[in-house]
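*Asks:* So you can see what is in the structure, the chains are spelled out below.
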Amino acid sequence: MKDNKLTKNILNKIKEYKIHESDILSVCPIDLSFEGEYILGYIFLTKDYLGVCTSDIPSGYTHFFRGTKVHKKDEDEDLAEYEVKLFDLKKIEHIHVERMIGAVLLSAEYDGAPIKIASLTNTYLEQLNLFVRHTKNIKNGKDFDADIVGKEVEEEDEELLYCPICGTMYPDPAKKVCPKCTNKRTIFARVLKYFFKYKFSIAILFLSYALGAAISVVWPYLTGKVLFDHVLEKDSEYLARFGLAGKFMLALAILALIMIGSRIIEEITNTVQMALMARVATSTVNDIKTDVFSAMSRLSLNFFTSKQTGGLMTRVLSDSNRVTEFFIDGIPSIFIHGMTIIITFVVMYRLNWQMALIACILLPLLVFMTVKLRPGLWNLSGKRHRAEKAVSSKANDNLTGARVVKAFGQEEAEIERFTNPNNNLKEAEINIVKLRNKFTILYSLVQEISSIWIWIIGVFFVLKTDKIDLGVLLTFVGYVAHLNGPMNFFSRVFRMWSESINAAQRLFEIIDSIPEIVEKENPIHLMKPRGEIELSNVTFGYTVSRNVLKNINLKVKEGEVLGIVGRSGAGKSTLVNLISRLYDVKEGSIKIDGVDVKDLSLSDLRKNVAMVSQDTYIFMGSVAKNIAYGNENATGDEIIRAAKLAGAHDFISKMPDGYDTVIGASGKDLSGGEKQRISIARAILADPKILILDEATASVDTETEKAIQNSLKLLVKGRTTLSIAHRLSTLRDADRLIVIDNGRIVEEGTHAELDQNEEGFFHKLNELQNKSLAVTNF
Amino acid sequence: MAEINTYEKEAEEMTRMTVITDKDKFERTNGGFVNLTKDGILFERVKVVRLFPFTDADKYISIRENSAKAKEIGIIEDLGALDENTQEILREQLRLNYFTPVIEKIYNIKDEYGYAYFHVLTDKGECKFAINMASNAVTKLSDSRLIIMDLDENRFEIRDVNALTQKERRKLDLFL
Numbered sequence: 001m002k003d004n005k006l007t008k009n010i011l012n013k014i015k016e017y018k019i020h021e022s023d024i025l026s027v028c029p030i031d032l033s034f035e036g037e038y039i040l041g042y043i044f045l046t047k048d049y050l051g052v053c054t055s056d057i058p059s060g061y062t063h064f065f066r067g068t069k070v071h072k073k074d075e076d077e078d079l080a081e082y083e084v085k086l087f088d089l090k091k092i093e094h095i096h097v098e099r100m101i102g103a104v105l106l107s108a109e110y111d112g113a114p115i116k117i118a119s120l121t122n123t124y125l126e127q128l129n130l131f132v133r134h135t136k137n138i139k140n141g142k143d144f145d146a147d148i149v150g151k152e153v154e155e156e157d158e159e160l161l162y163c164p165i166c167g168t169m170y171p172d173p174a175k176k177v178c179p180k181c182t183n184k185r186t187i188f189a190r191v192l193k194y195f196f197k198y199k200f201s202i203a204i205l206f207l208s209y210a211l212g213a214a215i216s217v218v219w220p221y222l223t224g225k226v227l228f229d230h231v232l233e234k235d236s237e238y239l240a241r242f243g244l245a246g247k248f249m250l251a252l253a254i255l256a257l258i259m260i261g262s263r264i265i266e267e268i269t270n271t272v273q274m275a276l277m278a279r280v281a282t283s284t285v286n287d288i289k290t291d292v293f294s295a296m297s298r299l300s301l302n303f304f305t306s307k308q309t310g311g312l313m314t315r316v317l318s319d320s321n322r323v324t325e326f327f328i329d330g331i332p333s334i335f336i337h338g339m340t341i342i343i344t345f346v347v348m349y350r351l352n353w354q355m356a357l358i359a360c361i362l363l364p365l366l367v368f369m370t371v372k373l374r375p376g377l378w379n380l381s382g383k384r385h386r387a388e389k390a391v392s393s394k395a396n397d398n399l400t401g402a403r404v405v406k407a408f409g410q411e412e413a414e415i416e417r418f419t420n421p422n423n424n425l426k427e428a429e430i431n432i433v434k435l436r437n438k439f440t441i442l443y444s445l446v447q448e449i450s451s452i453w454i455w456i457i458g459v460f461f462v463l464k465t466d467k468i469d470l471g472v473l474l475t476f477v478g479y480v481a482h483l484n485g486p487m488n489f490f491s492r493v494f495r496m497w498s499e500s501i502n503a504a505q506r507l508f509e510i511i512d513s514i515p516e517i518v519e520k521e522n523p524i525h526l527m528k529p530r531g532e533i534e535l536s537n538v539t540f541g542y543t544v545s546r547n548v549l550k551n552i553n554l555k556v557k558e559g560e561v562l563g564i565v566g567r568s569g570a571g572k573s574t575l576v577n578l579i580s581r582l583y584d585v586k587e588g589s590i591k592i593d594g595v596d597v598k599d600l601s602l603s604d605l606r607k608n609v610a611m612v613s614q615d616t617y618i619f620m621g622s623v624a625k626n627i628a629y630g631n632e633n634a635t636g637d638e639i640i641r642a643a644k645l646a647g648a649h650d651f652i653s654k655m656p657d658g659y660d661t662v663i664g665a666s667g668k669d670l671s672g673g674e675k676q677r678i679s680i681a682r683a684i685l686a687d688p689k690i691l692i693l694d695e696a697t698a699s700v701d702t703e704t705e706k707a708i709q710n711s712l713k714l715l716v717k718g719r720t721t722l723s724i725a726h727r728l729s730t731l732r733d734a735d736r737l738i739v740i741d742n743g744r745i746v747e748e749g750t751h752a753e754l755d756q757n758e759e760g761f762f763h764k765l766n767e768l769q770n771k772s773l774a775v776t777n778f
Numbered sequence: 779m780a781e782i783n784t785y786e787k788e789a790e791e792m793t794r795m796t797v798i799t800d801k802d803k804f805e806r807t808n809g810g811f812v813n814l815t816k817d818g819i820l821f822e823r824v825k826v827v828r829l830f831p832f833t834d835a836d837k838y839i840s841i842r843e844n845s846a847k848a849k850e851i852g853i854i855e856d857l858g859a860l861d862e863n864t865q866e867i868l869r870e871q872l873r874l875n876y877f878t879p880v881i882e883k884i885y886n887i888k889d890e891y892g893y894a895y896f897h898v899l900t901d902k903g904e905c906k907f908a909i910n911m912a913s914n915a916v917t918k919l920s921d922s923r924l925i926i927m928d929l930d931e932n933r934f935e936i937r938d939v940n941a942l943t944q945k946e947r948r949k950l951d952l953f954l
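Line order of the protein sequences matches chains A and B.
Numbering (the numbering used here) for the first sequence: 1 to 778.
Numbering (the numbering used here) for the second sequence: 779 to 954.
Fair warning: there could be bad hints in the mix.
[What the hints assert, rightly or not] Simulated pairs of lysine-lysine, PhoX-like, Cα-Cα distance not exceeding 25 Å:
no.	chain 1	residue 1	chain 2	residue 2
1	B	Lys902	A	Lys69
2	A	Lys18	A	Lys8
3	B	Lys883	A	Lys184
4	A	Lys607	A	Lys426
5	B	Lys902	B	Lys949
6	A	Lys426	B	Lys945
7	A	Lys85	A	Lys5
8	A	Lys69	B	Lys849
9	A	Lys607	A	Lys586
10	B	Lys918	A	Lys394
11	A	Lys18	A	Lys5
12	A	Lys426	B	Lys902
13	B	Lys825	A	Lys116
14	A	Lys139	A	Lys85
15	A	Lys116	B	Lys888
16	A	Lys180	B	Lys849
17	A	Lys139	A	Lys116
18	A	Lys625	A	Lys586
19	A	Lys180	B	Lys847
20	B	Lys906	A	Lys180
21	A	Lys69	B	Lys816
22	B	Lys949	A	Lys116
23	A	Lys434	B	Lys825
24	B	Lys888	A	Lys434
25	B	Lys888	A	Lys136
26	B	Lys825	A	Lys69
27	A	Lys372	B	Lys902
28	B	Lys847	A	Lys764
29	B	Lys945	A	Lys586
30	B	Lys847	A	Lys550
31	B	Lys801	A	Lys180
32	B	Lys825	A	Lys438
33	A	Lys771	B	Lys803
34	B	Lys849	A	Lys764
35	B	Lys949	A	Lys69
36	B	Lys918	A	Lys116
FYI, nobody ran anything at the bench for these hints, they're computed from the structure.
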């Protein structure tokens, strides 16, 4: 949330302290008191001072959070009475942002004693971080915005954060989509585009629908008025129009033929409709699924770690089906059934307007009730989706953890825990059916009542007034009965509409998501990679406030083997994730062969950096295909060679189908060590310039590790290798080692050099591991 | 060998559970922080962390060092059993640490294209916030207790859904 100017009121107030608007270098709003109450306030920075202005909130004040503020062009009037506190910048040390559970605290040491400067909600956290960097820059005697580039500067433009139509702030400034202005109609139009591809099929579909509708409209007329009033009544005058005067039997025969013919045509159109629908529907579902899946694959790792797999699966699998239902079944039917209703009423009106009026007298009521009931459907569809998501997440969770569940004998408890979301889904489903039934009952009721009225009043007309003939009455009854289908349809269509648009909305959310890691336009290609890596001042954290890596400077020469040591959680894996650009650095830069990884083409980068990590990914398919992952053209010879180097050849040859053995869904036929060796083989085959081994031999036995170590010795030749390991013996051959602790490089040197530093972390660790080895050797 | 022993001592420290009792002294500092003196050792501006923030907010409070590692000094088993003054000192820290307005009244909830807009009255004042429907913004602690997280992960709590009016519940229906 951006709010980087002091109000006029405050500017006037701080004039007392001889501070003018031009002195203000940086501003951040604050909104909490140390006692945990909302307040109004700002902190600001000048060359000499850090100022804090606070005020109680006026009564009736509404607190706005990200995405809710409606932008007003002229500045909001600020009448609050502020209290101003100034801190001498020279006395401030260790200014620090501390993120707590529900609030953020800015603290520092002032004159040597720790103090709280300000507290605020997460709303302004990003801005506070920037503010702190400004403060540090000033303290270090730099320009206040030194080293602050790109994204942060862009965001200064406040106008871009608000929707130009309704003036509401975008919930996600990167996406610039205003949820309030993206209404259901826009989504509808977007889905429609998917169908344009099948214009021809859809045109035929409509045609056949229209034909079917026409026949169904003519039908009551033929069987009612024509049959009874003209043919059976021997209406010569009418028959003469067709040149059939007096030939009643022939007329009857022709009428019968026409009736049979209509029925046949109806059947044919039905068949055509079904065939076309099946084709268009499946193709569109297919298109949408492909789009969603490719959008998902493009997204950065962050997206997947923040969402449950089960929920994502629901989206890809069932949502895309749900979208098309309305479009394939619904839209043409709206058109056809709508037409049928209108034509029916017109015909009825022409036949006898009084009775037509009676037939449709309940329609306004119907429209009214429909409008009233409809919003409920929208909510229920959303609710059903969430229930469905919960069920599939639970199932997914449980199936992957089946081993633990069984080991702890928790089957019963798990079943019980599954019952809850499952019951919720049932409830949600029942609620939808209930509401749907309300619609159906309403619509049938209207239709039934109308039909009874027609009978009563019609019979009255026929008997008493002699105004209409029996045939007309029968035609009328036929028409009213004929409305049954369309009415029934309209009772369903609203449900279809809300379900479809609801699902479409969720799919577009994914399609519209912007990957955090994007390739630059005109990226630089690595022609002849050397494999030199340089990290300068790299700072990174998965969340805004907690930095996992702090100010890392590291240079790895071409062909060097660098070992990385450190406690678990020290930031080792994060460091290598940054080099293969699974995440982008927050500050600083990473260069490969002197080119910033952000400027490199992603495919080049990934091709030249291969990673063997602690979590191995073995997909469904043969062993050979798994080894050749990302390298489809590999020959059998190359695959075997790679497997041999990885120490995998032996166990693969022992499997009954050798390299053609198909590994099960989650690689359940392989042990952890075997999987790891396959992924090592994969990396060997990929032949990268930079090889990253992240605990690559953690789950293999000592003997195999030795074997792999030997082959790795061959493998690392001519490559830059970064190797993370807990067992220091694994890193014996490294040219250089670094020790990372708490996100910083604390020690650096060769094995021998580090071991000499008796106070160091490395020495301690080495000692400890030797000792435990000695114990086990006894 | 001496070094190995320090290492082992560290390991032992890591696994030991220390209880903080009435004998240990908490003090408020001028800057608004808390110091703890335990067994004659002064720990400056300690961190106060709830171990069961939802199910039992006043039991099992972890007191940790103010360092990057945030090593645990000890655990308070029951905050309510400490003397009033100490309780107030610690509660002050907890109030800000776990700042979570409680929603008392729901004016409106509007679901728009992947986001839901809330307009509510909390014990801290009137608030308007938005949540992302796609992420797990609403956590159900029990059948009737909800934690709602806005786009910046600011927390709001609904203590008891059943205490809301029928009309408010219907607005919230989407998340129940």
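*Asks:* Each hint should be assessed against the structure and marked as holding or not.
*Replies:* Consistency of the hints with the structure:
Between the alpha carbons of Lys902(B) and Lys69(A) the distance comes to roughly 18 Å, so the proposed pair stays at or under 25 Å and holds. A hinted pair counts as satisfied when its Cα atoms are at most 25 Å apart, and Lys18(A) with Lys8(A) qualifies at roughly 15 Å. Between Lys883(B) and Lys184(A), the direct Cα distance comes to roughly 29 Å. Violation of the 25 Å bound is thereby established for this hinted pair. For the suggested pair Lys607(A) and Lys426(A), the alpha carbons sit about 48 Å apart, so the restraint of at most 25 Å is broken.
Between the alpha carbons of Lys902(B) and Lys949(B) the distance comes to roughly 21 Å, so the proposed pair stays at or under 25 Å and holds. Distance check on the hinted pair: Lys426(A) and Lys945(B) sit about 23 Å apart at the alpha-carbon level, within 25 Å; holds. Taking the CA atoms of Lys85(A) and Lys5(A), the gap is near 18 Å; set against the 25 Å cutoff, the hint holds. The hinted pair formed by Lys69(A) and Lys849(B) fails the criterion: a straight-line CA distance of about 41 Å is larger than 25 Å.
Of the supplied pair hints, the one linking Lys607(A) and Lys586(A) holds, its CA atoms being roughly 24 Å apart against a limit of 25 Å. Of the pairs offered as hints, the one joining Lys918(B) and Lys394(A) holds, with about 15 Å between alpha carbons and a cut-off of 25 Å not exceeded. Taking the CA atoms of Lys18(A) and Lys5(A), the gap is about 18 Å. The hint holds against a cut of 25 Å. Restraint check for Lys426(A) and Lys902(B): the C-alpha separation of about 38 Å exceeds 25 Å, so the hint is violated.
A C-alpha spacing of about 14 Å is found between Lys825(B) and Lys116(A), which places the hinted pair at or below 25 Å, so the restraint holds. Between Lys139(A) and Lys85(A) the alpha-carbon distance is near 19 Å, which keeps this suggested pair within the 25 Å criterion. Under the criterion of a C-alpha separation no larger than 25 Å, the hint pairing Lys116(A) with Lys888(B) is inconsistent with the structure, at around 38 Å. Distance hint between Lys180(A) and Lys849(B) is unfulfilled; the C-alpha atoms sit about 47 Å from each other, more than 25 Å.
Using a Cα cut-off of 25 Å, the hinted pair Lys139(A) and Lys116(A) holds, with the two alpha carbons roughly 19 Å apart. Taking the CA atoms of Lys625(A) and Lys586(A), the gap is near 37 Å; set against the 25 Å cutoff, the hint is violated. For the suggested pair Lys180(A) and Lys847(B), the alpha carbons sit about 44 Å apart, so the restraint of at most 25 Å is broken. For the proposed pair Lys906(B) and Lys180(A), the alpha carbon gap of about 15 Å is at most 25 Å, so the pair holds.
Distance restraint check for Lys69(A) and Lys816(B): the Cα-Cα separation of roughly 48 Å exceeds the 25 Å cut-off, and the hinted pair is therefore not satisfied. Between Lys949(B) and Lys116(A) the CA atoms are separated by roughly 40 Å; this puts the pair beyond 25 Å, and the hint is violated. Pair hint Lys434(A) plus Lys825(B) does not hold up; C-alpha atoms about 53 Å apart against a cutoff of 25 Å. As the CA atoms of Lys888(B) and Lys434(A) are separated by approximately 23 Å, the hinted pair is consistent with the 25 Å bound.
As the CA atoms of Lys888(B) and Lys136(A) are separated by approximately 42 Å, the hinted pair breaks the 25 Å bound. Taking the CA atoms of Lys825(B) and Lys69(A), the gap is about 34 Å. The hint is violated against a cut of 25 Å. Between Lys372(A) and Lys902(B) the alpha-carbon distance is near 36 Å, which puts this suggested pair outside the 25 Å criterion. Pair hint Lys847(B) plus Lys764(A) holds up; C-alpha atoms about 18 Å apart against a cutoff of 25 Å.
With a C-alpha separation of about 46 Å, the suggested pairing of Lys945(B) with Lys586(A) is violated against the 25 Å cut-off. As the CA atoms of Lys847(B) and Lys550(A) are separated by approximately 15 Å, the hinted pair is consistent with the 25 Å bound. Using a Cα cut-off of 25 Å, the hinted pair Lys801(B) and Lys180(A) is violated, with the two alpha carbons roughly 58 Å apart. A C-alpha spacing of about 57 Å is found between Lys825(B) and Lys438(A), which places the hinted pair above 25 Å, so the restraint is violated.
Restraint check: the Cα-Cα separation between Lys771(A) and Lys803(B) comes to about 41 Å, which exceeds 25 Å; the hinted pair is violated. Taking the CA atoms of Lys849(B) and Lys764(A), the gap is about 20 Å. The hint holds against a cut of 25 Å. Using a Cα cut-off of 25 Å, the hinted pair Lys949(B) and Lys69(A) holds, with the two alpha carbons roughly 21 Å apart. Restraint check: the Cα-Cα separation between Lys918(B) and Lys116(A) comes to about 34 Å, which exceeds 25 Å; the hinted pair is violated.
Checked against the numbered hints above, the structure breaks hints 3, 4, 8, 12, 15, 16, 18, 19, 21, 22, 23, 25, 26, 27, 29, 31, 32, 33 and 36 and satisfies the rest.
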